[in-house]
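Peer 1: In case you want the letters, here they are:
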Amino acid sequence: MDRRRSLEPLQNSKPELEPGSNLRHHAGCMLGFFIRRLLSAIVVLWLAASITFVLMRSIRGGPFTSEKAGSEKAIAAKMERFHLDGSLWEQYSAYMRALATFDLGDSTKYLDWRVSELLAQKMPTSLTLGMVAFIIASIGGVLLGAMSALWRDTWVDRTAMIGALVAISVPTFVTGPLLIALVALWLGWLPVGGWGTTRQLVLPSLCLAAPYVAYVARLMRNSLLDVLASDFLRTAKAKGLRDGQALMRHAMKVAILPVVTFLGPLAAHLLTGSMVVESVFNISGAGSIFVNSIQNHDVFLLGGAVIVYCVLLQLFNLVVDVLYGVLDKRIRVYG
Amino acid sequence: MAEVASPTALAQPGGWAILRRSRVSMLALWFLVGLIIIAVLVPPFLPEELKYTSKDSLLPPGAACTARQGIIYLCGTDLNGHDLFYRLLTGAQVSLGVGLVGALLSLFVGTLYGMISGFAGGRVDAFMMRVLDVLYSVPRILFIMIFIAALGPYLTDGLDVARLWAQAHGWTTLEDLMITAIRYSRIIIMVICLGLVEWLTMARIVRGQVLVLREMTFVTAARAMGQSSPAILRLHLLPNLATVVLTYLTLTIPAVILDESFLSFLGLGIDDPAASWGSLLKDGAQVINPLDSKWWLLFFPATLMSITLLALNFLGDGLRDAFDPRSRSR
Chain H
0 MDRRRSLEPL QNSKPELEPG SNLRHHAGCM LGFFIRRLLS AIVVLWLAAS
50 ITFVLMRSIR GGPFTSEKAG SEKAIAAKME RFHLDGSLWE QYSAYMRALA
100 TFDLGDSTKY LDWRVSELLA QKMPTSLTLG MVAFIIASIG GVLLGAMSAL
150 WRDTWVDRTA MIGALVAISV PTFVTGPLLI ALVALWLGWL PVGGWGTTRQ
200 LVLPSLCLAA PYVAYVARLM RNSLLDVLAS DFLRTAKAKG LRDGQALMRH
250 AMKVAILPVV TFLGPLAAHL LTGSMVVESV FNISGAGSIF VNSIQNHDVF
300 LLGGAVIVYC VLLQLFNLVV DVLYGVLDKR IRVYG
Chain L
0 MAEVASPTAL AQPGGWAILR RSRVSMLALW FLVGLIIIAV LVPPFLPEEL
50 KYTSKDSLLP PGAACTARQG IIYLCGTDLN GHDLFYRLLT GAQVSLGVGL
100 VGALLSLFVG TLYGMISGFA GGRVDAFMMR VLDVLYSVPR ILFIMIFIAA
150 LGPYLTDGLD VARLWAQAHG WTTLEDLMIT AIRYSRIIIM VICLGLVEWL
200 TMARIVRGQV LVLREMTFVT AARAMGQSSP AILRLHLLPN LATVVLTYLT
250 LTIPAVILDE SFLSFLGLGI DDPAASWGSL LKDGAQVINP LDSKWWLLFF
300 PATLMSITLL ALNFLGDGLR DAFDPRSRSR
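Line by line, the protein sequences give chains H and L. Residue 334, in numbering that gives the first Met the number 0, is where the first sequence stops; the numbers in between run on with no holes. Residue 329, in numbering that gives the first Met the number 0, is where the second sequence stops; the numbers in between run on with no holes.
Chain L extracted, bound-state conformation (with noise of 0.2 Å):
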């Protein structure tokens, strides 16, 4: 492992040709760029029929929109008779919004520990490992579900307060910004206590990436300059841990996402106006008898977040053979 994991290899051009030359990767990539597009771009051009509830309840897709001529639904409609293709494309902007901003928020968090943990070494390091441990071992997603039904409510007063002092000083933009942040501080509460929790594997990857790079002579020159350690952690460390954070990164994501449709789907998560891919399923798991089956609206939220989980995984897999130095030795 010694001679594998050397700096050199992360550092090493090529890892990205490597990232090129896998077409299962690629394809991935492209099939994640394509879904973010339509998700946020197509939804502001669909019929305004479509957007709201509707008498059109429980249609199949391909059914024709009674309220308007030449409109069909798609993807069928639900028991509110809101078109679930239209759904799909919030839900998916929800979703993956989600998944994007909770991820980030674990790398930053995960990140800090990780190098911090690593760079100290010693008792701190034992420590803030054990700690590590034992929060491994704990049920993360129940406290997040407490989390979430105990912290929400105050999450929406103080935007409101916000809202309010902005409003009393003229502050318009400010004042819109916190009616939208209201609306969506379900959302809000959700990524944040998820993000929150999900740093554990990037926090014990970055350590072991740093205890290596910390013997490296250019981390000994450094501190022979003279160099603080928050200024070697920042100029010398951190560049060296983009890859691999990334990689993580990208495998982070779809565990946001799926922590979030638990939560959803077991109806602690988003509530109803909104949608996300979770509380799809929710209401399409509802739906399933034999008698009668409403399979679209199980199937299509169903292959839509499988596909993206895989292509997520896949593209986070091919990121890993590309640049962590350990399974490129492979």
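So that you can see chain H by itself, here it is in the shape it has in the complex (with noise of 0.2 Å):
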């Protein structure tokens, strides 16, 4: 079924079930959805994996060449220690064992570090910027959007489209900086950067969300437009509903539905896009694993942080999905 293109509800289209018979079919469907959706992720999971250690391990050059004192004995104890000193394959099927198993391995730079250490003690701090960046963002959006539909080419409407074209084209890494010497350095009103208190967060979480409040907003602006032209609501007021909320709540409800369907691709953006912003207000999270464990050919510890955050995401996917369902009565997520 095709959920992302017809945003008209179609009145008749919700079958009338008999209430009792049913439930046992709606329940087996909702179990059949769950499988599918666990299928569908675990083979996410294995080509993203798949992909990250054999590209990893197909670039030149191994993580322990560029040691100073690495003799050729140490070099190849340290790569046996590893399970890197096989054929790809016998490497790449040790890492699937492993993996089978929730094993994440060791990080071949920072030796005595397990992979899920590093990666517990950085990702909170990403996932915390990301989580407040996303909030901004979608409340943020669709409170502009739907003000833009309303006041529909009134200067509110006008400024917000043109501040949010700004903030689309304007990258994190020019408002990062901007921000920094206009709030931070002239003003002194929040700290440059760093991690920790709460003064600290907002301008960086500010930075990340702003190009997607722009995103969401247009988005809003457009499906409410569309909603509000529609059929239902033309014959809700004909047949005389005079209250604007009641008729507000009647349209949003339909209107969001685009933004939920954002919502996914949301929160993959924000997790990517936290890297710049990491580095632009010094922050010490996840994008430096990436970025550095690229550099240092650490294997373990980039195919760890790629398989969190794919499986971070599959799960938010599949609550943003069943949110759907719930908010849009035509679907039944199963379908």
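Because the hints were derived from the structure by calculation, they are not lab data. Any given hint might turn out to be false.
[To be verified] Computed footprint of chain H on chain L, listed as stretches where at least three residues anywhere in the stretch have a Cβ under 8 Å from a Cβ of chain H:
(1) 256-262
(2) 278-286
(3) 305-317
Keep in mind the model is a prediction, meaning the values are calculated, not measured. Even glycine gets a Cβ: it sits at the ideal position worked out from N, Cα and C.
Could you fit the two chains together into a complex? Lean on the hints.
Peer 2: And the structure:
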């Protein structure tokens, strides 16, 4: 079923089913949906881990070649310890066996560190930043977009939409230094960078959220305008529904659906986008793990980070799909 | 929606007229044309002193060149004594070139994918769209980073083999071409990777259009006359998709430019002697501090890049208003 395209609710498309007899059927379909989603998530994770591992192992120069006092023998010993000495297939199957037991392995750069320990140390920072930015982007975007649509072609709409286009066009590594120069250095209201306090969270999360506030606002505005011009709302008005608030509730319920479908990609964008923001604001988060482990050929650390990101996003998308089914009665998530 | 998304609305004359009436879009168009002309034509005529490293490190805009009389640094110099103005223009060549070629590549992949998916319909369509959904929710830029790091050296090797082969056969033109390609191999691999990633939205839009178009009578007529599916796709659907594809091409270019600068900013993109706007911004962001701000290193690339992206987005929006039947109905 293509749920992304048609926005107008089809009044007659909800079949009136016998309530009692369908309960078991419903539960069965729901279970089938979850099983199918689980399988596809496993396939995605397997592909992600395989691509990362095989590509990283085919980079010229192993993880230990750049070390200074590494004799051939020492390097060979290390390669053996990490199961990186056999053929590519042997290495790969060893890695997959470890992954199957939820073992992400050890870092080849930071010896004596397990990948899971490193990730547990750095991930929470990026996730907090991403989550705050996510809340700002989704709520701020919906409010701004709804305002624009309601006051269409007024100065509110025009300013908001030009502002949105600017926010989409200006990259975060431009807004970041700009915000630092303006708010932190010149006005002195907030700290320049670093991590730990709430005050330090404000600028980076705003900077990360800005383009997506704009994106969501544009999405919301267009969708709400579509809905406001649609037949079912005209019918409601013609039938005498004068209450503006009730009308809005009707319209918003439908208009918010495209925004909900964007939430999954939004989360992916925010997680990767936080790399640049972390670098601008000097925050030590997961972004540095990605960049450094690629440069250090740290196969297991990079693989672990990629896997954790993919797991998080798959889980999040499942939540979004269920949420979508709850919001849109026409859709059965398992359909 | 059904009544507005007819192909006649796509082919209707007047889209260009609507675009021409939009003052902002035309301004954006002229800015981009001017930028491309300047970026391509001006650098060869700049004095040689500006093109290489010099002792004039971190001079502010307007400072005079110490090596030769009568030359001033319009936008200042960077840490290695490069003239920032020259680097901005060559950076524009790289950024715009990467954006354009990457977007064209994504156009090709996206249009093909969308057309097949929309035209096949049924289970194939459902499966292809499901794949698209999964790809949307994967942190794609991470995989680009890994792809570039892993495949870049192999591309250089491959080009070198081609160069030696050309040398052995005495084909000097091909040899020179390969030498140039090896110098820019990092950029080439980046363009390929970015182009192969940014096609998702294009595929979705094209598929939506094909779904509408394939129900049209002229498609039925073509099929009744015995035309094969590839022929129908090429002769009847593709021409009707042209304006939509052009619109989203304009909107994909800034996305690719942003991706490229994202990678270069993290130090995984363009390497030093070459520059792109992203790598210039990285240099600029490194020297920002309250005491002795080298503002020009950040200000000029940031402004130029932001205005360019804004112009591309304005133009894309203008094109969409002019040609997309859905937005015209408003």
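Peer 1: State for each hint whether it applies.
Peer 2: For each hint, the structure was consulted:
Evaluation of the coverage hint for the region 256-262 of chain L: fulfilled, as 3 residues show C-beta separations to chain H shorter than 8 Å, against a requirement of three. By the rule of at least three residues with a Cβ nearer than 8 Å to a Cβ of chain H, the coverage given for the region 278-286 of chain L holds, with 4 such residues. For the region 305-317 of chain L, the proposed coverage by chain H is satisfied: 7 residues have a C-beta within less than 8 Å of a C-beta in that chain, meeting the threshold of three.
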